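Note that the protein sequences, when read in sequence, are chains A and B.
The first sequence begins at 1 in the numbering used here and counts up one residue at a time.
The second sequence begins at 1001 in the numbering used here and counts up one residue at a time.
Since the hints were made in silico from the structure, they are not lab data.
Quick caveat, the model's predicted, so the values are computed rather than measured.
Cβ atoms here follow ideal geometry from the backbone N, Cα and C, with glycine treated the same way.
Accuracy of the hints is not assured; some may be wrong.
So the derived label-pair ranges between C-beta atoms look like this [said to hold, decoys possible]: (1) A/R290 to B/Q1028: 32 to 42 Å; (2) B/I1285 to A/Q28: 44 to 54 Å; (3) A/K89 to B/E1366: 54 to 64 Å; (4) B/Q1028 to A/G342: 37 to 47 Å; (5) B/T1027 to A/G219: 34 to 44 Å; (6) A/E261 to B/T1027: 16 to 26 Å.
Residues per chain are reported as follows:
Number of protein chains: 2
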Amino acid sequence: MKRIYLDNGATTPTHPEALKAMEPLFTQKYGNPSSIHSFGQEAKVAVDSAREDVQKLINARSPEEIIFTSGGTEANNLAVIGAAMAGKKRGKHIITSKIEHHAVLHPCEYLEKELDFQVTYLPVDEKGRVHIDDFKGAIKEDTILASIMMANNEIGTLQPVKEFTVAARESDVVFHTDAVQVAGTMPLDVQELGVDMLSMSAHKFNGPNGVGALYLRKGVKVHPHMHGGGQENKLRGSTHNTPGIVGLGWVCRYARETMDEKVKHLEELRDMLIEGIEERIPETILNGPRRERLPGNVHFCFPYIEGEAILLNLDLKGIAASSGSACTSGSLAPSHVLLGIGRSHELAHGSLRLTLGIDNTQEDVEYVLQVLPEIVQKLRDMSPLYNK
Amino acid sequence: MKRIYLDNGATTPTHPEALKAMEPLFTQKYGNPSSIHSFGQEAKVAVDSAREDVQKLINARSPEEIIFTSGGTEANNLAVIGAAMAGKKRGKHIITSKIEHHAVLHPCEYLEKELDFQVTYLPVDEKGRVHIDDFKGAIKEDTILASIMMANNEIGTLQPVKEFTVAARESDVVFHTDAVQVAGTMPLDVQELGVDMLSMSAHKFNGPNGVGALYLRKGVKVHPHMHGGGQENKLRGSTHNTPGIVGLGWVCRYARETMDEKVKHLEELRDMLIEGIEERIPETILNGPRRERLPGNVHFCFPYIEGEAILLNLDLKGIAASSGSACTSGSLAPSHVLLGIGRSHELAHGSLRLTLGIDNTQEDVEYVLQVLPEIVQKLRDMSPLYNK
Chain A
1 MKRIYLDNGA TTPTHPEALK AMEPLFTQKY GNPSSIHSFG QEAKVAVDSA
51 REDVQKLINA RSPEEIIFTS GGTEANNLAV IGAAMAGKKR GKHIITSKIE
101 HHAVLHPCEY LEKELDFQVT YLPVDEKGRV HIDDFKGAIK EDTILASIMM
151 ANNEIGTLQP VKEFTVAARE SDVVFHTDAV QVAGTMPLDV QELGVDMLSM
201 SAHKFNGPNG VGALYLRKGV KVHPHMHGGG QENKLRGSTH NTPGIVGLGW
251 VCRYARETMD EKVKHLEELR DMLIEGIEER IPETILNGPR RERLPGNVHF
301 CFPYIEGEAI LLNLDLKGIA ASSGSACTSG SLAPSHVLLG IGRSHELAHG
351 SLRLTLGIDN TQEDVEYVLQ VLPEIVQKLR DMSPLYNK
Chain B
1001 MKRIYLDNGA TTPTHPEALK AMEPLFTQKY GNPSSIHSFG QEAKVAVDSA
1051 REDVQKLINA RSPEEIIFTS GGTEANNLAV IGAAMAGKKR GKHIITSKIE
1101 HHAVLHPCEY LEKELDFQVT YLPVDEKGRV HIDDFKGAIK EDTILASIMM
1151 ANNEIGTLQP VKEFTVAARE SDVVFHTDAV QVAGTMPLDV QELGVDMLSM
1201 SAHKFNGPNG VGALYLRKGV KVHPHMHGGG QENKLRGSTH NTPGIVGLGW
1251 VCRYARETMD EKVKHLEELR DMLIEGIEER IPETILNGPR RERLPGNVHF
1301 CFPYIEGEAI LLNLDLKGIA ASSGSACTSG SLAPSHVLLG IGRSHELAHG
1351 SLRLTLGIDN TQEDVEYVLQ VLPEIVQKLR DMSPLYNK
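Build the full structure now, drawing on both the sequences and the hints.
Shown next, in the form of structure tokens:
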């Protein structure tokens, strides 16, 4: 059976060339980059070069502004908890949104519950957008940090981050954005955006698992989250994951070189999917905006049926998809993102996310458009909620 | 020039077979193990199987007691900060030793400075051993956690962990041990040891960088350190590093199968090195015990000269060594471990660590024994402190 992977929002295959670039770091240039001997220095050269590749992808001013981490979650923890702890003498109020990834929400909840911070969770509109007036209205005397994601991982909504950074700067609020779904998939310029911190993860754009980075603008203070050795300018203890870092560097270079065609390719397939689903399946609800969304993200609610049942049926047809975030799959609670944009519990349970990647083709989309309507109809016919 | 790697305490080459086992996870079985489709389930099977391999290496009761992390530092942070936060209502006193790795000391300092915990840093004797009487004497009404390393990463001293766990259990103190230098290199049995938590790291025993594990005895409570998705039984958010985890699993299996010969091989080379150095170089000071030390660890102070100068000269001869921990190299401060065992600042600056690995041979040792005495003598002849 043909297998079609449409869960690139959860993770992507590592590009074979990225793996090839990583291999010497496992078995030949295996030194610890903190060691002063030649094995260590070879590894350090590789790490430094990868740091420049990350820097260039997001147009940071200097490679020193890139802090390597074990992934997007750690980058978000370092940004949110690290900046909160570093800023707590100035104030203990933080602004975020209701539809952030749990890697931002849970650090915020930890700060509230264990460390007496106050967090404002901004609402979003029906498309998933945070409004600048809400953002400005939430800034208080003691606000030290705001964290609003660039693009939502479930419904793909892009946020007007630039508007927020202008307002944040005026009020001396450190601004972080979780760009895990954006980095490597859309053009990014941290200087143009005006963000103080930005999180990214290699495995979301065909790099390896287990490695990511935090952009930390020079002058912005954070406490380490991983306490240990003096690595990463004393901001992140732990021996460097040199093969992973080299893989991240490779895929940043690749993303830079292929960005325009990637965006075009994903957007074409995305729009084909969205239009095809709306044409072929009655009573569908597109979640997130039609255009200002991630180029590879398609997210629908199908009334009367369960998302899990759709997934299992798609899987039987060789199609890998998700109902929302992989990080919470298995949980029975409805998505906080779908509740955040006003969907009922019932509707939220009938969601499907299809996320495209660089390997997907028009034939993949056509196959989904052939198979999915039958599945939805079959499930609806079995549903007690459906009377047509 | 022949190159000899004698810095296996800092990091080791990844075994080519471990890399081979990892490769399909990058490019074929690349699903997110949290996803319910077949790609995800393939990855989950691989992660589950690796978890059993780790379990077996350390004789944990169940695979659920293994929490995958990004390495030893994260395992230590999760253990120390996680157990402190989970236990803080019972008390806020922690016991550790003066010669722990910074991945334990810095979390302790963070807890003291930012979260009002009190930490007792136990002294060690001249060989680097913590004494059970000191340990017992430090336990107070409000002691909730103790963390004493199994083996010191610089001078190789093995601690009588079993004595500590008995005392800790009597007083209801959670006991953690940093076994990063031991796991995969010496036999380990967490049930026999009686530890509640134990940290390990793949790259210290020929597994990949960027992955490790915390053994967490069933029933022991910790708060997550990485706040995010519900992975690892809600104790560690972040997408699984599946290739890394599979590499860790492979090397745990390999270590189990080859443990006896590995220990024998390392101890033979170690003792050859120690005896050879003492025979050929006058005025040497062996740090750590002669026998109850890590099988691959050799650590000397050479009076009158600088450790860095020895390293650079060894490197010119193709030999990779270190003066102590790689995590703090570049720092000018003398090693806290050497100060802890009573060495003067001056002596502490003249240290050399040679750490053996599975690839080292008798010829490697002979070459070092030929080259090192000349280097030490040359440097001493140049030293104003040396008058012979």
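Verification of the hints:
The hint said 32 to 42 Å for the Cβ distance between A/R290 and B/Q1028, and at roughly 35 Å that hint holds. The hint said 44 to 54 Å for the Cβ distance between B/I1285 and A/Q28, and at roughly 35 Å that hint is violated. A beta carbon spacing of about 59 Å between A/K89 and B/E1366 agrees with the range 54 to 64 Å that was offered as a hint. The hinted range of 37 to 47 Å is satisfied by B/Q1028 and A/G342, whose Cβ atoms lie roughly 40 Å apart.
Take B/T1027 and A/G219: their Cβ atoms lie about 40 Å apart, and the range 34 to 44 Å holds. In this structure the hint that A/E261 and B/T1027 lie 16 to 26 Å apart at CB holds, the actual value being about 21 Å.
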